[in-house]
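So the sequence lines, in the order shown, correspond to chains P and A. By our numbering, the letter at position 35 of the first sequence is numbered 35, and the numbering carries on one by one without gaps. By our numbering, the letter at position 85 of the second sequence is numbered 85, and the numbering carries on one by one without gaps.
Keep in mind that a hint or two might mislead.
[As the list claims (entries may be wrong)] Taking lysine to any residue and the SDA-like style, the derived pairs with C-alpha atoms no more than 20 angstroms apart in a straight line are:
#  : chain 1 : residue 1 : chain 2 : residue 2
1  : A       : 42        : P       : 60
2  : P       : 13        : P       : 85
3  : A       : 42        : P       : 61
4  : A       : 101       : P       : 13
5  : A       : 2         : P       : 8
6  : A       : 42        : P       : 5
7  : A       : 56        : P       : 29
8  : A       : 101       : P       : 61
9  : A       : 2         : P       : 44
10 : A       : 101       : P       : 17
11 : A       : 42        : P       : 8
12 : A       : 67        : P       : 59
13 : A       : 2         : P       : 95
14 : A       : 101       : P       : 64
15 : A       : 2         : P       : 104
16 : A       : 42        : P       : 44
17 : A       : 101       : P       : 12
18 : A       : 56        : P       : 8
19 : A       : 42        : P       : 17
20 : A       : 101       : P       : 104
21 : A       : 42        : P       : 85
22 : A       : 101       : P       : 109
23 : A       : 42        : P       : 109
24 : A       : 101       : P       : 82
25 : A       : 101       : P       : 19
26 : A       : 2         : P       : 54
27 : A       : 42        : P       : 104
28 : A       : 101       : P       : 8
29 : A       : 42        : P       : 56
30 : A       : 2         : P       : 109
31 : A       : 2         : P       : 59
32 : A       : 2         : P       : 51
33 : A       : 56        : A       : 42
34 : A       : 101       : P       : 38
35 : A       : 2         : P       : 28
36 : A       : 42        : P       : 52
[Said to hold, decoys possible] Sample of chain A residues at the chain P side, in silico, Cβ under 10 angstroms:
#  : residue
37 : 28
38 : 29
39 : 41
40 : 48
For the record, the hints were derived by calculation from the structure and aren't laboratory data. The structure displayed is predicted, hence computed values, not measured ones. Note that CB positions come from ideal geometry on N, CA and C, so glycine has one too.
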Amino acid sequence: ETGVTQSPTHLIKTRGQQVTLRCSSQSGHNTVSWYQQALGQGPQFIFQYYREEENGRGNFPPRFSGLQFPNYSSELNVNALELDDSALYLCASSLANYGYTFGSGTRLTVV
Amino acid sequence: QKEVEQNSGPLSVPEGAIASLNCTYSDRGSQSFFWYRQYSGKSPELIMFIYSNGDKEDGRFTAQLNKASQYVSLLIRDSQPSDSATYLCAVTRGGGTSYGKLTFGQGTILTVHP
Numbered sequence: 001e002t003g004v005t006q007s008p009t010h011l012i013k014t015r016g017q018q019v020t021l022r023c024s025s026q027s028g029h030n031t032v033s034w035y036q037q038a039l040g041q042g043p044q045f046i047f048q049y050y051r052e053e054e055n056g057r058g059n060f061p062p063r064f065s066g067l068q069f070p071n072y073s074s075e076l077n078v079n080a081l082e083l084d085d086s087a088l089y090l091c092a093s094s095l096a097n098y099g100y101t102f103g104s105g106t107r108l109t110v111v
Numbered sequence: 001q002k003e004v005e006q007n008s009g010p011l012s013v014p015e016g017a018i019a020s021l022n023c024t025y026s027d028r029g030s031q032s033f034f035w036y037r038q039y040s041g042k043s044p045e046l047i048m049f050i051y052s053n054g055d056k057e058d059g060r061f062t063a064q065l066n067k068a069s070q071y072v073s074l075l076i077r078d079s080q081p082s083d084s085a086t087y088l089c090a091v092t093r094g095g096g097t098s099y100g101k102l103t104f105g106q107g108t109i110l111t112v113h114p
């Protein structure tokens, strides 16, 4: 059983709307990352948070933003949704020397 | 040139055979290398990670790393139908206590037929 939980599991939004995805990781996992995985592709890095500060960002526009909270939970916010934002969004937390553990993901469909 | 490239697949092997999955990467500063398995509609599941040149074995899985050739591979011995999935190679410059961004390949679809 994964120690990373994500909600919701599925979501349908209309183009132009805003969405918030949530992630909760295990105690001690103080680094959380978000990835976008389009169908048939490998996951693409969106950004990473360490101790509530963003400390790395991939090639995603500013309308993708995030937060990390003291209780190790995290949010991914996407504004002005576009059709190409339809994807599986993955949250991953890491523990030293054990790599990244992914949550079950949120499937976002933009129509 | 893609940062991480995997053999294009799909790869089909008979049950009991050895499946060989390959990955090359372009960033010579990469320090940590991961193999994930992803079943259809599910999230990636970590199989193995490797940091040092050479082989690392875990049950039926062996990861091989050659930093000079910028090459990492995964061998699956005694392949089972349950091994049928997409295998993702991922690399990062970080290691140990701080991994940083993972860069993934596009994945290789493996099918093990009875």
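To see whether the hints hold, each was checked on the structure:
A C-alpha spacing of about 23 angstroms is found between residue 42 of chain A and residue 60 of chain P, which places the hinted pair above 20 angstroms, so the restraint is violated. Taking the CA atoms of residue 13 of chain P and residue 85 of chain P, the gap is near 10 angstroms; set against the 20 angstroms cutoff, the hint holds. Straight-line distance between C-alpha atoms of residue 42 of chain A and residue 61 of chain P comes to about 26 angstroms, which puts the hinted pair past the 20 angstroms bound. Taking the CA atoms of residue 101 of chain A and residue 13 of chain P, the gap is about 28 angstroms. The hint is violated against a cut of 20 angstroms.
Note on residue 2 of chain A and residue 8 of chain P: the hinted pairing is violated, with a Cα-Cα distance of about 32 angstroms set against a maximum of 20 angstroms. For the suggested pair residue 42 of chain A and residue 5 of chain P, the alpha carbons sit about 13 angstroms apart, so the restraint of at most 20 angstroms is met. The hinted pair formed by residue 56 of chain A and residue 29 of chain P fails the criterion: a straight-line CA distance of about 25 angstroms is larger than 20 angstroms. Of the supplied pair hints, the one linking residue 101 of chain A and residue 61 of chain P holds, its CA atoms being roughly 17 angstroms apart against a limit of 20 angstroms.
A hinted pair counts as satisfied when its Cα atoms are at most 20 angstroms apart, and residue 2 of chain A with residue 44 of chain P qualifies at roughly 13 angstroms. Distance restraint check for residue 101 of chain A and residue 17 of chain P: the Cα-Cα separation of roughly 28 angstroms exceeds the 20 angstroms cut-off, and the hinted pair is therefore not satisfied. Distance hint between residue 42 of chain A and residue 8 of chain P is fulfilled; the C-alpha atoms sit about 14 angstroms from each other, no more than 20 angstroms. In summary, the hint linking residue 67 of chain A to residue 59 of chain P is not supported, as the alpha carbons are separated by about 26 angstroms, beyond the 20 angstroms threshold.
Only pairs whose Cα atoms come within 20 angstroms are accepted, and residue 2 of chain A paired with residue 95 of chain P is rejected, the gap being roughly 28 angstroms. Between the alpha carbons of residue 101 of chain A and residue 64 of chain P the distance comes to roughly 16 angstroms, so the proposed pair stays at or under 20 angstroms and holds. Between the alpha carbons of residue 2 of chain A and residue 104 of chain P the distance comes to roughly 27 angstroms, so the proposed pair goes past 20 angstroms and is violated. For the given pair, residue 42 of chain A sits about 16 angstroms from residue 44 of chain P by alpha-carbon distance, which is consistent with the 20 angstroms threshold.
Between residue 101 of chain A and residue 12 of chain P, the direct Cα distance comes to roughly 28 angstroms. Violation of the 20 angstroms bound is thereby established for this hinted pair. Restraint check: the Cα-Cα separation between residue 56 of chain A and residue 8 of chain P comes to about 37 angstroms, which exceeds 20 angstroms; the hinted pair is violated. This hinted pair does not check out: residue 42 of chain A and residue 17 of chain P have alpha carbons roughly 26 angstroms apart, beyond 20 angstroms. Straight-line distance between C-alpha atoms of residue 101 of chain A and residue 104 of chain P comes to about 19 angstroms, which keeps the hinted pair within the 20 angstroms bound.
In summary, the hint linking residue 42 of chain A to residue 85 of chain P is supported, as the alpha carbons are separated by about 18 angstroms, within the 20 angstroms threshold. For the hint linking residue 101 of chain A to residue 109 of chain P, the alpha-carbon distance of about 25 angstroms lies beyond 20 angstroms, and the restraint is violated. Annotation: proposed proximity of residue 42 of chain A to residue 109 of chain P holds, straight-line Cα distance about 16 angstroms (limit 20 angstroms). For the proposed pair residue 101 of chain A and residue 82 of chain P, the alpha carbon gap of about 24 angstroms is over 20 angstroms, so the pair is violated.
With a CA separation close to 23 angstroms, the supplied pair residue 101 of chain A and residue 19 of chain P exceeds the 20 angstroms bound. At most 20 angstroms may separate the alpha-carbon atoms for a hinted pair to count; residue 2 of chain A and residue 54 of chain P exceed this at roughly 26 angstroms. With a C-alpha separation of about 6 angstroms, the suggested pair residue 42 of chain A and residue 104 of chain P falls inside the 20 angstroms cut-off, and the hint holds. A distance of roughly 24 angstroms separates the Cα atoms of residue 101 of chain A and residue 8 of chain P; the hinted pair therefore is violated under the 20 angstroms criterion.
Using a Cα cut-off of 20 angstroms, the hinted pair residue 42 of chain A and residue 56 of chain P is violated, with the two alpha carbons roughly 25 angstroms apart. Restraint check: the Cα-Cα separation between residue 2 of chain A and residue 109 of chain P comes to about 27 angstroms, which exceeds 20 angstroms; the hinted pair is violated. A distance of roughly 15 angstroms separates the Cα atoms of residue 2 of chain A and residue 59 of chain P; the hinted pair therefore holds under the 20 angstroms criterion. Restraint check for residue 2 of chain A and residue 51 of chain P: the C-alpha separation of about 31 angstroms exceeds 20 angstroms, so the hint is violated.
With a C-alpha separation of about 26 angstroms, the suggested pairing of residue 56 of chain A with residue 42 of chain A is violated against the 20 angstroms cut-off. In summary, the hint linking residue 101 of chain A to residue 38 of chain P is supported, as the alpha carbons are separated by about 18 angstroms, within the 20 angstroms threshold. Annotation: proposed proximity of residue 2 of chain A to residue 28 of chain P is violated, straight-line Cα distance about 34 angstroms (limit 20 angstroms). Distance check on the hinted pair: residue 42 of chain A and residue 52 of chain P sit about 28 angstroms apart at the alpha-carbon level, beyond 20 angstroms; violated.
Residue-level restraint check for residue 28 of chain A is violated (minimum Cβ-Cβ distance to chain P is 19 angstroms; threshold 10 angstroms). This hint is violated: residue 29 of chain A has a C-beta 15 angstroms from the nearest C-beta of chain P, more than the 10 angstroms allowed. Because the closest C-beta pair between residue 41 of chain A and chain P is about 8 angstroms apart, less than 10 angstroms, the hint holds. The restraint placing residue 48 of chain A at the interface with chain P holds, with a minimum CB-CB distance near 9 angstroms, inside the 10 angstroms limit.
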